[in-house]
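Novice: Chain residues, written in single-letter form:
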Amino acid sequence: MGDSQYSFSLTTFSPSGKLVQIEHALQAVGSGQTSLGIKAANGVVVATEKKLPSILVDETSVQKIQLMTPNIGVVYSGMGPDSRVLVRKSRKQAQQYFRLYKEPIPITQLVRETAAVMQEFTQSGGVRPFGVSLLIAGYDDNGPQLYQVDPSGSYFSWKASAMGKNVSNAKTFLEKRYTEDMELEDAIHTAILTLKEGFEGQISGKNIEIGIIGADRKFRVLSSSEIDDYLAEVE
Amino acid sequence: MPLTYDREALFDRFPLASKSKNLSHLFDPRKDIPKSSFGVRMVKMTDLPTKGGFSFDLCTRNQMLLDKGVQMPPFRKTGTTIVGLVFQDGVVLGADTRATEGPIVADKNCEKIHFMAPNIYCCGAGTAADTEAVTDMVSSQLQLHRYATGRESRVVTALTLLKSHLFSYQGHVSAALVLGGVDVTGPHLHTVYPHGSTDTLPFATMGSGSLAAMSVFESKYREGLTREEGIELVAEAICAGIFNDLGSGSNVDVCVITKGQTEYLRNYQLPNPRTYISSKGYSFVKGQTEVLSTKITPIQSKVQTVEGGDAMEE
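Chains as they are written, first to last, in the working numbering: chain D, 1 to 235; chain H, 236 to 549.
Each computed BS3-like pair below joins lysine-lysine, with the alpha-carbon atoms no more than 25 Å apart:
1. K398(H) with K92(D)
2. K494(H) with K218(D)
3. K159(D) with K171(D)
4. K92(D) with K218(D)
5. K196(D) with K206(D)
6. K102(D) with K343(H)
7. K196(D) with K176(D)
8. K218(D) with K89(D)
9. K102(D) with K92(D)
Please keep in mind that the hints were generated in silico from the structure rather than gathered at the bench.
Sequences and hints are given; from them, build the entire structure.
Specialist: If you want it as C-alpha cells, here you go:
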C-alpha cells in the first residue's frame with residue numbers, strides 16, 4: 001500500500017466544499033435503469049427495469065433484485081458489478097451479526113453497515129466510490145422498512161422512493177399516488193404503474209423485476225408469470 | 236550487562252525464580268522475550284500485530300504448564316452417544332442430552348443436534364464449545380453459499396467445510412460429528428473425526444457411548460427401513476448409550492430429514508424422569524435455623540449532595 005502513486009484518496013474536496021467524485025458517482029446512478037420502492041402498511045415492494053443490452057442475452061440468468069437475509073432484499077440503480085460487491089459484503093456482515101448476537105440483523109443495522117462500507121470507499125487510498133444507489137427493503141420487529149443508500153454513504157428511510165433515469169417523473173407520480181394505509185397489493189400495482197410511466201417499449205414480465213416482502217417476513221422475487229398476472233390486473 | 240534471552244542464564248541471575256513452578260509471568264511465549272524484573276514486557280522493534288486466524292500462543296503456554304506439573308482443569312465434554320442412520324426416505328439422527336464436566340453432569344438436557352442448513356443437521360460429540368462453534372461457523376458459511384449459488388446446500392459441501400477446518404487445526408478442535416442430510420443427490424450420512432478424516436456410512440455412531448449404540452445397530456440395521464422403524468432403532472441405540480455409558484444420559488433427541496421436510500423431535504423419549512419430587516414443596520420457617528451470632532454493620536452513604544452550584548455554560 002504505502003508509497004504507491006495511488007495511495008492518496010481519489011475523492012478530494014473541491015474549493016466549493018463538494019466531493020466531485022461523489023457527484024459523478026451520483027451521475028452514474030442517475031443514468032442507470034430506473035428502480036423504485038414503496039413501503040405499504042403491511043409490507044414493502046421494490047421494482048426495477050430489466051433492460052438487457054441485446055435480445056440474445058439469456059434473461060433468466062440476470063437477477064437484479066437480491067436477498068441479503070431471508071427478510072431483507074435489495075435493488076440497485078447504477079453499475080451492476082458494484083452492487084454485487086456490496087451485496088456480498090452485506091451478506092457476510094449479516095451472518096457475522098447473527099453469529100455474535102444469535103439474532104437476525106435488524107434492517108437499520110444492516111443499512112448502517114452497508115452505508116459505512118460505501119463511505120469507506122470515499123475516504124480510502126486508491127479506490128473510487130461505488131457507482132450505485134441501493135434500495136434496501138425488509139420486514140423486521142419494527143415493521144416494514146425501506147431505505148435508500150447513496151454512493152456517499154448517506155442513507156434515508158423512505159415511504160416511497162425512486163432512483164435512476166426517470167427519477168423525477170417517478171417521484172412525482174409516487175407523491176401523488178402514495179397513501180399511508182396502502183396495502184401490499186395496492187403498492188405492487190402502484191409500482192408497476194410508476195415503472196410504466198417512463199418505460200420505453202412494451203412492458204412485460206420479462207423486462208421488469210419485482211421483489212416483495214409481507215408480514216410473513218420472507219423476501220421473494222416474483223416470477224415473470226406472476227408479474228404478467230399483475231400487469232393484466234393493472235391494464 | 237547485556238540482556239540475555241537465554242533461560243538458563245536468567246535462572247543464574249534470579250535464583251529464586253527457578254524455584255517457582257509457574258514461570259509464565261517471566262516469559263512471553265510468543266517471542267521468547269524475557270520480562271524484566273518489574274514485569275514489563277520488552278518490545279522488540281519488529282513486534283508485528285497478529286494477523287488473524289487461530290493463535291497457538293495459549294497452546295504453547297498450556298504445554299509449558301503441563302511440563303511444569305500444573306494440571307489442566309477438565310473440559311466440559313459432551314460424553315455422549317450420537318447416532319445416525321439412512322432409511323428408505325432419508326436420514327434419522329439421534330443424540331442423548333447429557334453434558335459432563337469430568338465426573339459432574341453440567342447440563343441434563345443439552346441440545347446436541349445442531350442446525351447446519353434446513354436440509355442438513357449435525358450431531359456433535361467431544362468438547363461442547365468446539366462442536367457448537369464449528370457447526371455454527373459452517374452453518375453460516377453454508378448460508379452465504381446458498382445466497383451466492385441460489386441453490387439448496389449439499390451435504391458434501393458441509394462435510395468438506397468441516398473437515399478442512401478440523402484438519403487445519405490438527406485435532407486441537409475436539410469435535411467428533413455425525414453429519415446427515417438430504418439434498419438433490421439423495422440422502423447422505425457421514426462421520427467426521429477431530430483430526431479431519433471422514434467416513435461415509437449407512438449407519439454411524441460416535442462418542443463415549445458409541446460402542447453400546449453400535450451393538451444395537453449392528454444387530455438390527457437393515458436397508459430399506461421405514462420411517463417408524465428408523466426412529467425406533469435410533470431411539471433404541473441412544474437408550475443403549477444412555478443406560479450403559481456414564482458419559483451419556485437423560486433424554487433422547489431425534490431428527491428426521493427427508494426430501495423437502497425436516498422434523499426435529501426434541502426430547503423424543505424421556506426415559507429418566509425425576510420420579511420422587513415432593514408435591515408439597517419445602518418450607519423454611521424463620522426460627523428453624525439456629526442463629527449462632529449476629530453482627531450488623533450500617534451502610535454509610537459516601538455520596539455528598541452539594542446544593543446550588545453554577546449552571547453549565549452554554
